[in-house]
Amino acid sequence: MSPSDTPENTTAPGVDGDAAGHAANNLIVFDQVVKRFGDLTVLDHLDFGVAPGERVTLIGPSGSGKTTILRLLMTLEKVTEGHIWVDGEPFSHMNKGSGMVPASENYLRARRKRIGMVFQQFNLFPNMSVRKNIMEAPVNVLGLGKDEASQRAEELLELVGLGDKIDAHPTQLSGGQQQRVAIARALAMRPEILLLDEVTSALDPELVAGVLDVLREVAETTDITMLCVTHEMGFARDVSHRVLMFDKGQIAEAGHPDQIFGDPKEERTKSFLKSVLESQ
Amino acid sequence: MNIWDFEWTFEVLPDLLGGLWTTVQITVVAYLMALVLGLVISMARRVPIFGSILHFVMEFIRTTPLVMQLVFVFLLAPSTVSGMTVGVLVLGVHYSAYTAEVYRSGIEGVAKGQWEAARALSLPAHRTWGAIVLPQAIRKVIPALGNYLIAMFKDTPLLFAIGVAELLTEAQRVGSADFRMVEAFTLVGFLFLVVSIPSAILIRRLEKRYVAV
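For the protein sequence lines, the chains are A and B, in the order given. Residue 1533 in the numbering used here sits at position 278 of the first sequence, with consecutive numbering throughout. Residue 102 in the numbering used here sits at position 93 of the second sequence, with consecutive numbering throughout.
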């Protein structure tokens, strides 16, 4: 799917929509989400939705709340206020009686496996081979047989161009190779939603292209819904259906990549893009 | 009387080797107990309701003398419980207070990202602990755990206080019977070295093999 084949309903509810109204169409809905760390408000009554199959890039300065959005979706953090919905089901909360209460660990575990995440620091398990890193969750979460999981690992490593590294240990790989294994590990769960948290930020510049090529391949060959936090503006422009510019925990501007990168409306977007392009 | 009587030395050596064997058995069983119990305690301490209680108990054990604990439990134990059993239990529990701290430091040393990756993959708790966190944590603390094996081995003579026929007790018995305490206690030191030095070398090898990964 190319960016021009944007799914229907890709407007940002936080900007010009209402979250409840989008719940029926969107795979992911953030409904008045607030996240505070102590006195610091990182997300401030955030509303937005993501359609099935949509690829959304989150851009903005450090501390604007982009990574927190991914971490809330991955249930690595809990919302302070508001609700997150995935596929019409409450995700941050669960129904109890006539009301909603914060989701229990069992509730989350049953739903979390629909989402995969690739981290900035790779987070491969150093005590396991590449094969075992990729097989671990399919075998122990999805209940796949070891042979099937191993075959899936081999296929995914071919996809990320590391078929010959299947029995290596993470410490024997370069940063770029580790990140490609991490992508394969996330894809092994066949997630409906893939979260990419600054996946090239920890890499040496010459290793970035290899990882981005793999992600382009994933974007072109699958219909996974992707949320991507990145400072790689070229990648964001090529792959995204929609770009959300964040500032101070809110969406400052949202639109098609051509509009955001070619003709940004907001001053904050213009100054951010200028500073990023100058630094690159 | 000669300072050193070789004939007497060879005569009592079987008795002392018997004591050494008892010492080794006590150390091995108590150490295995300390390894397992310490791990259980270090994990249980992460559960809020157990944390503060266990912290208090561990502090109490670490800050009171082992010999006092041995005598205290021996006096309270039913007469059917042997000194050897009391010795193994007290040594095991006492050292678990230390091994629990060692495990805790190892667990806290596992990068936050490892926990997050396990969570992001929806791994169940037993895989997160058993396949990811503990293998990484334990590798890092092998040297510290190994040091406690040697320390425990050297503490077993304290079981002398509750009459267990370990090496020191045997040396005291045979030495005082024939007034040859110099030979008896020199042999004790020698026999401790015979076990301690190879154990220390073995532990260093384990360190090199596992910790460097």
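Heads up, a few of these hints could be off.
[Stated by the list, open to error] Straight-line Cα separation of at most 20 Å, SDA-like style, residue types lysine to any residue; simulated pairs:
| hint | chain 1 | residue 1 | chain 2 | residue 2 |
| --- | --- | --- | --- | --- |
| 1 | A | K1401 | B | P133 |
| 2 | A | K1387 | B | L143 |
| 3 | B | K121 | A | F1292 |
| 4 | A | K1401 | B | R148 |
| 5 | A | K1387 | B | A209 |
| 6 | A | K1333 | A | P1307 |
| 7 | A | K1368 | B | E125 |
| 8 | B | K149 | A | S1384 |
| 9 | B | K121 | A | N1280 |
| 10 | B | K149 | A | N1382 |
| 11 | A | K1387 | B | K163 |
| 12 | A | K1387 | B | R213 |
| 13 | A | K1387 | A | E1360 |
| 14 | B | K121 | A | K1351 |
| 15 | B | K121 | A | M1329 |
| 16 | B | K217 | A | H1424 |
| 17 | B | K121 | A | K1401 |
| 18 | B | K217 | A | T1426 |
| 19 | A | K1387 | B | T137 |
| 20 | A | K1368 | B | L143 |
| 21 | A | K1401 | B | K163 |
| 22 | A | K1387 | B | H135 |
| 23 | A | K1503 | A | K1368 |
| 24 | B | K121 | A | L1331 |
| 25 | B | K217 | A | M1329 |
| 26 | A | K1387 | B | R148 |
| 27 | B | K163 | B | R213 |
| 28 | A | K1387 | B | S185 |
| 29 | A | K1333 | B | T73 |
Source of the hints: derived by calculation from the structure; they are not laboratory data.
In rising order, the numbers of the hints this structure does not comply with: 4, 5, 6, 9, 11, 12, 13, 14, 17, 20, 21, 23, 25, 28, 29
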